[in-house]
Amino acid sequence: MSLLQVQNLRVEFPTRRGTLVALDDVSFEIAPGEVLGVVGESGAGKSMTGAAIIGLLEPPGRIAGGQVRLEGRRIDNLPYEELRRIRGRQIGAIFQDPLTTLNPLYTVGDQLAETMTTHLPIGPAEAKKRAVEWLELVGIPAAAQRVDSYPHEFSGGMRQRVVIALALCAEPKLVVADEPTTALDVSIQAQVIALLKNLAREKGTAMMLVTHDMGVIAETADRVAVMYAGRIIEIGAVREVVKNAAHPYSAGLMGSIPPISHRVERLQAIEGAMPRLSAIPPGCPYNPRCPFVFDRCRVERPELMPAKANRAACWLYAPEEAQRLQESGLA
Amino acid sequence: MFSFIVSRLLQALPVMLVVSFISFAMFAYVGDPVAIMLGQDFTEAQRQALVRELGLDKPFFVQFMTFLGNAIQGEFGLSYRLSRPVAELIAERAPATLELALCAAVIAMAVGVPMGVYTGLYRNSWLSRFFLTFSLIGVSLPTFLIGILLILVFSVWLGWLPSFGRGDVVRLGWWSTGLLTWSGLKALILPAITLGLFQLTLIMRLVRSEMMEVLRTDYIKFARARGLPNRAVHFGHALKNTLVPVITIAGLQLGAIIAFAIVTETVFQWPGMGLLFIQSVGAADIPVMAAYLMMIAAVFVSINLIVDLLYYAVDPRLRIGRGRGH
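Chains as they are written, first to last, in our numbering: chain A, 1 to 331; chain B, 1 to 326.
Next up, chain A with everything else stripped away, as it sits in the complex:
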């Protein structure tokens, strides 16, 4: 059985000028110990998906439909207090900017101990001891002394290690990592990702890794979901999606990764911009930018369907269209 099941998740933001649909019909699963990468442009709904899973959507955002299940148990409609017990204990979270994620007025040891005593049946002394162990585990040198340091006494990379320790210290089964390396120096990013990956593997923790860094995904994820305008438009094994993307948008996204093996004159760019939430076109949301667009794309919205080795929301892969396109000699 999968660890996390998200089914037809829909998130709405009621505004004065009507309801914005931030996430629409988002479905995916994460197996125990699996790393699912979630990629897409800014505003595609990646972080929103993570926030919806842990029940921390910014008001007035709300889950308007669908379900989130953790080990088969529905968690999207739990009362605040019950979901709170799941947060940290069953689902850990890592945020983007380590400079603002830690409370400046408490030592890192206190913050770790507080998280552990909240969720685990241990006393303050044991929590303090484990706090030092966790700092060692995430690679903080001289952990026994640094446990009493305040966040401002650490560098950005070190702080993100502390955040990782905080997310994992109650040994959750799933970690939602929202752009964990975006705010870090490039030289530190690889270290932090490697740490996260190794710790998750060691502890058997599944991970939802939200990022727009395709390199990180290719290196870390088992499967990858590509999001566009609040929907998942392609999902599949990371190898297949990176090397052999089915959806024109994912193909474009992968084409924008600069190859190291040979020189290219120009990087490929995708023309145009992602539509705003208030102006998502009917049919396939990618149709205004898609080079392969045809009539049906502008009218009817595609669901995820088998496409190459993955599943993609694109009419090119509908059997009837494939046949028609073949006949007209386009494909």
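It is possible that part of the hints are untrue.
What the hints assert, rightly or not - Calculated cross-link-like contacts (lysine-lysine; reagent style DSSO-like; alpha-carbon spacing at most 30 Å): (1) 221(B) - 203(A); (2) 173(A) - 221(B); (3) 58(B) - 129(A); (4) 128(A) - 58(B); (5) 197(A) - 173(A); (6) 221(B) - 240(B); (7) 308(A) - 203(A); (8) 221(B) - 129(A); (9) 173(A) - 128(A); (10) 197(A) - 240(B); (11) 128(A) - 240(B); (12) 197(A) - 308(A).
Said to hold, decoys possible - Anything over 12 Å on all C-beta distances counts as not near chain A; from chain B, calculated: (13) 34; (14) 52; (15) 56; (16) 125; (17) 133; (18) 167; (19) 214; (20) 218; (21) 228; (22) 232; (23) 305; (24) 315.
If you are wondering where the hints come from, they were derived from the structure by calculation, not from laboratory data.
For each residue, glycine too, the CB sits at the ideal point set by N, CA and C.
Starting from the known structure of chain A, arrange chain B on it as the hints suggest.
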């Protein structure tokens, strides 16, 4: 830590010097002390003698240094009005004002902070709206009107509390306290509420806006994402981060209510320094005014020092020199 306190005290020195200079200048420019002391009938010889006796024939700078030297020893001369040593008058009146101001401050903090936290957390509840409306009254009604209304309701109509004076006091050494007798406590309630109401609403509004700000920060979201109970998130993580501005304002306001309890003391005929000051102004009693001015400056300077020390206690980022590498 020690050097921090010393440097703050050194910074306070020029402030005190300037204030004492202004106090001193009052003697020279607000009326002629010789004329005030001599009254209507005097001879030129008497006038000369008094001028010499008071040291007014000496150069300006020497006079100022003498004044400073005396002020440091708490010696401000005789009150023109009451012909008693000023230091004695102030020492007699200070306990009344300090007790009143501290009670007002305690009420303001003890009620204002929880109300601020509540209205910051539950912005749209009807109780929050009620608190905000109520705070508008506190901010906009002048102190004397609040005092008079309270007297009308609780003294005149209900007859529960006295409308003036300090009740019975108990002497503890030179300090006279009204906190140990029933009538003293009863007499304290109305003036303390009157004096503290404005501060209460100010602190409530400040805590509310700071809470709303802090609740939007990443570390609060992260604290929630770690599954910490609401109580820990709101009071441990959020409230503590609002404390620095709250301490600043509360400190300044405490100084303000000690210094400007004048209106409240007048309304309730409270035998404190404010009442002494306003009577002295009426009689152009310059030694009392000068001493009062310097004492208030000293109060503000010490409160500022305490506020700085509290920052230091609350926010580890201000503890320079403690960092162990980056």
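How the hints compare with the structure:
Of the supplied pair hints, the one linking residue 221(B) and residue 203(A) holds, its CA atoms being roughly 25 Å apart against a limit of 30 Å. Annotation: proposed proximity of residue 173(A) to residue 221(B) holds, straight-line Cα distance about 20 Å (limit 30 Å). Proximity of residue 58(B) to residue 129(A) is assessed by CA-CA distance (about 73 Å); at most 30 Å being required, the pair is judged violated. Taken as a hint, the residue 128(A) and residue 58(B) pair is broken in the structure, with Cα atoms around 71 Å apart against an allowance of 30 Å.
Under the criterion of a C-alpha separation no larger than 30 Å, the hint pairing residue 197(A) with residue 173(A) is consistent with the structure, at around 14 Å. A C-alpha spacing of about 15 Å is found between residue 221(B) and residue 240(B), which places the hinted pair at or below 30 Å, so the restraint holds. Of the pairs offered as hints, the one joining residue 308(A) and residue 203(A) is violated, with about 33 Å between alpha carbons and a cut-off of 30 Å exceeded. A hinted pair counts as satisfied when its Cα atoms are at most 30 Å apart, and residue 221(B) with residue 129(A) qualifies at roughly 26 Å.
For the suggested pair residue 173(A) and residue 128(A), the alpha carbons sit about 22 Å apart, so the restraint of at most 30 Å is met. With a C-alpha separation of about 35 Å, the suggested pair residue 197(A) and residue 240(B) falls outside the 30 Å cut-off, and the hint is violated. This hinted pair checks out: residue 128(A) and residue 240(B) have alpha carbons roughly 22 Å apart, not beyond 30 Å. Between the alpha carbons of residue 197(A) and residue 308(A) the distance comes to roughly 28 Å, so the proposed pair stays at or under 30 Å and holds.
Non-interface call for residue 34(B) relative to chain A: holds, since the shortest CB-CB distance, roughly 60 Å, exceeds 12 Å. With a least beta-carbon separation of about 63 Å from chain A, residue 52(B) lies farther than 12 Å from that chain, consistent with its non-interface assignment. Every CB of chain A lies more than 12 Å from the CB of residue 56(B), the least distance being 57 Å, so the non-interface label holds. At the 12 Å boundary, the C-beta of residue 125(B) stays outside the reach of chain A, the nearest C-beta of that chain being 15 Å off.
Separation of residue 133(B) from chain A is adequate, the least Cβ-Cβ distance of about 24 Å exceeding the 12 Å criterion. Every beta carbon of chain A lies more than 12 Å from that of residue 167(B), the smallest distance being close to 43 Å; the non-interface claim holds. Once the 12 Å rule is applied to beta carbons, residue 214(B) is inconsistent with being away from chain A; the minimum gap is 10 Å. Listed as a non-interface residue, residue 218(B) fails to keep its Cβ farther than 12 Å from every Cβ of chain A; the least gap is roughly 4 Å.
With 12 Å as the threshold on Cβ separation, the claim that residue 228(B) sits away from chain A is violated: the shortest Cβ distance comes to roughly 6 Å. Residue-level check failed: residue 232(B) sits 7 Å from the nearest beta carbon of chain A, not beyond 12 Å. No beta-carbon of chain A is positioned within 12 Å of the beta-carbon of residue 305(B); the least distance is around 22 Å. Distance to chain A contradicts residue 315(B) as a non-interface residue, since its nearest Cβ pair spans about 6 Å, not more than 12 Å.
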